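Model the full structure from these sequences, guided by the hints.
Chains as they are written, first to last, in the numbering used here: chain A, 1 to 192; chain B, 1 to 325.
What the hints contain is simulated information worked out from the structure, not anything from laboratory work.
All figures in this text were calculated on a predicted structure; none of them were measured in a lab.
One or more hints might be untrue.
Stated by the list, open to error - Going by beta-carbon spacing under 10 angstroms, a handful of chain B positions derived as facing chain A:
{"id": "1", "residue": "L6"}
{"id": "2", "residue": "D8"}
{"id": "3", "residue": "Q138"}
What the hints assert, rightly or not - The following residues of chain A were derived to be distant from chain B, with all beta-carbon distances above 10 angstroms:
{"id": "4", "residue": "A21"}
{"id": "5", "residue": "R94"}
{"id": "6", "residue": "L138"}
{"id": "7", "residue": "V141"}
{"id": "8", "residue": "E187"}
{"id": "9", "residue": "G188"}
Ideal Cβ positions, reconstructed from N, Cα and C, are used throughout, including at glycine.
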Amino acid sequence: MDSLEVRRPAGAATLREGAPAEAALVEAARSGDRQAFGRLYSLYWRMVHGILLARVPPGEADDLAQDVFLSALRRLHTLRDPGAFGGWLAMIARNRRADYYRHAPQTVEASPEIVETLGTSDPPLVEARAALAAIQGLPEVYRETLILRLVEGLTGPEIAARTGLTPGSVRVNLHRGMKLLRARLEEGAHAG
Amino acid sequence: MPGEYLWDRGGKPDPEVERLEHVLGRLRSDPREAPWIERPARIRLFPARAWLPVAAAAAIVVAAGIWLAGRRPLPGWEVASLAGAPRVGANPLTGQGVLAVGQWLETDGESRARITVGSIGEVEVEPSTQLRLVEARQSNHRLALKRGAIRAFISAPPRLFFVETPSAVAVDLGCAYTLRVDEAGTGVLSVSSGWVSFQHGGRESFVPAGASCATRPGTGPGTPYFDDSTEAFRAALDRLDFEGGGGEALAILLAESRRRDVLTFWHLLSRVDPSSRGLVFDRMAALVDVPDGVTREGALRGDPQMLRLWWEDLGLEESGWWREP
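So, in structure tokens, the structure goes:
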């Protein structure tokens with residue numbers, strides 16, 4: 001693929017106070033300014049990490065996130081609209097996430113039950129992994145948004161600005177996803 | 001409205017969302033150091049033409065990093081016998097094998113071996129060498145060289161390949177180099193292309209192609225020098241770095257120095273006794289221009305910003321991407 005075009009959702013850019021500055025960073029990075037790319041790396045690390053965490057084990061997400069940025073650096077010249085960087089990067093992260101399972105067919109996504117039996121004696125970490133597994137068990141459309149909100153600490157408007165999703169979609173995903181998550185956690189508590 | 005807290009942390013906090021934020025926040029990750037991203041463009045200094053091969057190598061290095069594939073831990077690296085019978089752990093190596101993480105590779109006086117360093121390069125292991133594979137992750141390729149000699153050829157972004165010695169760690173910045181360590185733990189690093197950072201504790205020496213740097217237990221890396229400096233220069237530097245040589249050694253360095261030796265003086269500026277720094281500064285100022293923003297007073301007190309400015313003006317390399325924060 002020689003060129004990629006990512007459409008920016010209508011209205012998304014207007015909510016992004018830092019969008020022009022980020023577009024300038026993208027332009028600078030495209031002209032070879034590695035420090036500008038370093039700024040983008042810092043700005044978007046959580047988004048990429050969160051998207052990966054929606055399916056891959058926590059121990060793999062850091063390494064895969066670096067892969068995503070390396071890939072983005074290589075392909076930056078194919079991005080036609082600098083203002084669409086976030087959505088474009090999110091797409092690379094989702095593709096990398098899919099590749100992870102494509103190239104590791106022996107790997108099975110962990111269920112909450114499995115997670116609790118896997119090697120840590122750190123109770124808060126066990127609890128965190130169990131909660132993550134509960135989110136990973138939700139329909140895909142809600143996973144990313146909830147992880148970006150609850151794990152990565154981004155607010156709804158920040159998620160919309162970073163990913164290129166519309167604020168309305170993010171809001172719906174958050175509310176419906178949280179409702180499902182509450183139900184799952186409650187079921188788990190009763191089952192336990 | 002509870003939903004507002006979920007949306008933008010506004011309104012009354014939702015206890016369940018707060019609890020999940022607290023629990024799941026443990027899985028959050030801060031951006032890793034990524035020198036391959038922050039590395040800025042090269043700048044001038046010595047005749048630009050002389051650095052073109054290195055610039056080309058840097059471009060290759062960055063491109064090479066792109067094809068780094070999955071980052072799952074590797075069980076080990078391939079190793080092949082080049083001569084004699086090297087040993088991997090307790091077993092003799094005939095043909096090819098695997099050096100697993102934690103295992104030792106040992107060559108006797110007759111044997112040699114070649115290690116494939118993941119997907120980023122090779123290490124040739126010379127006779128009478130003992131080394132161990134410490135880490136084999138694609139974000140951390142790490143050997144420990146106890147004694148002997150290795151030749152490393154690495155094509156990867158900086159800071160992915162490390163060789164520990166008894167008195168310093170060689171940090172690859174995209175390069176080829178030879179590293180020798182004797183039974184006493186004394187070592188010498190010689191770089192044939194690219195750049196290597198030689199570190200121990202808070203001490204760091206930056207070694208470009210054509211230069212070398214010694215290291216000794218108890219001291220760490222010495223001061224880098226170009227291999228074509230005079231014998232008297234190198235001997236004096238050795239005395240200054242490791243034998244307590246003071247004014248006499250420094251006087252020889254000053255007298256024997258050429259323009260290229262500002263590499264050595266730049267490191268010495270913050271290492272020699274404060275009372276001698278003025279001599280180093282004056283010699284540097286005689287060999288190269290003092291850049292705007294650098295004053296004698298500031299340089300003598302080790303002002304980091306001024307030292308960085310001067311380094312950049314030397315044109316060896318912008319320092320931000322290779323120096324520790």
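Run the structure past the numbered hints and jot down the numbers of the failing ones, going up. none
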